[in-house]
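Using the supplied hints, reconstruct the complex from the two chains, each of which is provided in its own coordinate frame.
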Amino acid sequence: DQQVKQNSPSLSVQEGRISILNCDYTNSMFDYFLWYKKYPAEGPTFLISISSIKDKNEDGRFTVFLNKSAKHLSLHIVPSQPGDSAVYFCAASGITSGTYKYIFGTGTRLKVLA
Amino acid sequence: NAGVTQTPKFRILKIGQSMTLQCTQDMNHNYMYWYRQDPGMGLKLIYYSVGAGITDKGEVPNGYNVSRSTTEDFPLRLELAAPSQTSVYFCASRDPSPAGRYEQYFGPGTRLTVT
Chain F
1 DQQVKQNSPS LSVQEGRISI LNCDYTNSMF DYFLWYKKYP AEGPTFLISI
51 SSIKDKNEDG RFTVFLNKSA KHLSLHIVPS QPGDSAVYFC AASGITSGTY
101 KYIFGTGTRL KVLA
Chain A
1 NAGVTQTPKF RILKIGQSMT LQCTQDMNHN YMYWYRQDPG MGLKLIYYSV
51 GAGITDKGEV PNGYNVSRST TEDFPLRLEL AAPSQTSVYF CASRDPSPAG
101 RYEQYFGPGT RLTVT
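Read top to bottom, the protein sequences are chains F and A.
For the first sequence, position 86 (counting from the first letter as 1) is numbered 86 according to my numbering, and the numbering increases by one without interruption.
For the second sequence, position 100 (counting from the first letter as 1) is numbered 100 according to my numbering, and the numbering increases by one without interruption.
Looking at chain A on its own, in the form it has when it is part of the complex (with noise of 0.2 angstroms):
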């Protein structure tokens, strides 16, 4: 297994430029999230989706947009970047199970600078 994993590792962008990180996940689990994490802080949740076709704003949703058309596959979509927006996404799945475990599994990130 692959994990999650991310893509791109690194992107710059001008301000207004628009792009889309992809995240994918090949362990069958519903659940996707999708983080920011700013520098000295905590990791702040943008979107969720609990299953393909579902997803739910989380914490910090403006500026992002996410959609859900499989299980595996959950790209976060920056429409007009702005310098706000500079941060590392980190993309997590977890199995939704009630009786199985609760963590979640991340990828190794994305660094985003917009200038």
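If we strip away everything but chain F, and leave its shape as in the complex, we get (with noise of 0.2 angstroms):
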């Protein structure tokens, strides 16, 4: 049971426009999500997160949405630049037992073309 969800494997984007990434969850206890970018051979690196309090919350180029109802949240870029070209992980998580878990996404592979 996948409880969160990356429905696009990849995403090809030109520079300078905007880029969105989707994310879909099912579990309505989750109350904070974050995105995290993989470029090959390294570990995933924190980018942005919302807390379910929220509906938005933006850094610099990056704004990620949060659709509480539709159990939706979007990453966007803007502009796309080549460097943002990399893996893109959605992660939910929420207390259980104690303690903060998370659940990842399957990823999207983001490639901004020059």
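I should point out that these hints are in silico values taken from the structure, not numbers from a laboratory.
Bear in mind that the values here come from a model prediction, so they are computed numbers and not experimental data.
Among the hints, a few may not be true.
[As the list claims (entries may be wrong)] Derived EDC-like pairs (lysine to aspartate or glutamate); straight-line CA-CA distance at most 20 angstroms: (1) A:K14 / A:D38; (2) F:K54 / F:D31; (3) F:K37 / F:D59; (4) F:K5 / A:D95; (5) F:K37 / A:E79; (6) A:K44 / F:D24; (7) F:K5 / F:D59; (8) A:K44 / F:E15; (9) F:K111 / F:E15; (10) A:K9 / F:E42; (11) F:K68 / F:E58; (12) F:K68 / F:D24; (13) A:K14 / A:D26; (14) A:K44 / A:D56; (15) F:K111 / F:D84; (16) A:K44 / A:D26; (17) A:K57 / A:D26; (18) A:K14 / A:E79; (19) A:K9 / A:D26; (20) F:K5 / A:D38; (21) F:K5 / A:D73; (22) F:K101 / A:E79; (23) F:K68 / F:D55; (24) F:K5 / F:D55; (25) F:K68 / A:D26; (26) F:K54 / F:D84; (27) F:K37 / F:E58.
Below, the structure written as structure tokens:
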């Protein structure tokens, strides 16, 4: 049972345009959501997060939107740059047995074309 | 700070062999995690620890063991390697403070092949 889904395995976007990466979740107990970026042969690095009490969080070129009623979040990158080409994972978390655990999606490979 | 370090970077094991994947963090984080990532899949939690001496199973613990004798180190042990354990293994740590940030810091990974 995949609790966190990223239905688009890959996405190509022209440099300077907007990249929109989507993520859906099924568990209404999740209360914190994160996006990670991963380059080949490296570990994931944290990008941006959002608490379930908010519907938007911005950090520079990156904005995450949360729609709790639809159990959907999205990551917007504006403007997209070639260095943004990477695999992006969304993760959802909530307290289970007194500690935070994280459920990861399968990732979306973003390619930004120069 | 070196952050989270993992050794080795690569390893090839024969079926039935054993090995230990090392993970060390220098951020004084109490929470540490082991994940595996199979091709085209997300990260699956193997084991986690909320502090020295405390460990618990994640989603896919079978075939693995862990120990946490210090805050810094969280080794993962494979006792009888099987081809199904071919994967990339990531160690991560996190600051447990409720008022702090919730993101995990990941190591660079260990690519393991069992043949």
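We went through each hint and held it up to the structure:
no., hint, verdict
1, A:K14 / A:D38, "holds (19 angstroms)"
2, F:K54 / F:D31, "holds (10 angstroms)"
3, F:K37 / F:D59, "holds (14 angstroms)"
4, F:K5 / A:D95, "violated (26 angstroms)"
5, F:K37 / A:E79, "violated (32 angstroms)"
6, A:K44 / F:D24, "holds (17 angstroms)"
7, F:K5 / F:D59, "violated (23 angstroms)"
8, A:K44 / F:E15, "violated (32 angstroms)"
9, F:K111 / F:E15, "holds (9 angstroms)"
10, A:K9 / F:E42, "holds (10 angstroms)"
11, F:K68 / F:E58, "holds (17 angstroms)"
12, F:K68 / F:D24, "holds (10 angstroms)"
13, A:K14 / A:D26, "violated (32 angstroms)"
14, A:K44 / A:D56, "holds (14 angstroms)"
15, F:K111 / F:D84, "holds (8 angstroms)"
16, A:K44 / A:D26, "violated (24 angstroms)"
17, A:K57 / A:D26, "violated (23 angstroms)"
18, A:K14 / A:E79, "holds (12 angstroms)"
19, A:K9 / A:D26, "holds (19 angstroms)"
20, F:K5 / A:D38, "holds (16 angstroms)"
21, F:K5 / A:D73, "violated (32 angstroms)"
22, F:K101 / A:E79, "violated (25 angstroms)"
23, F:K68 / F:D55, "holds (8 angstroms)"
24, F:K5 / F:D55, "holds (19 angstroms)"
25, F:K68 / A:D26, "violated (36 angstroms)"
26, F:K54 / F:D84, "violated (25 angstroms)"
27, F:K37 / F:E58, "holds (16 angstroms)"
Hints 4, 5, 7, 8, 13, 16, 17, 21, 22, 25, 26 from the list above are not met by this structure, while the remaining hints are.
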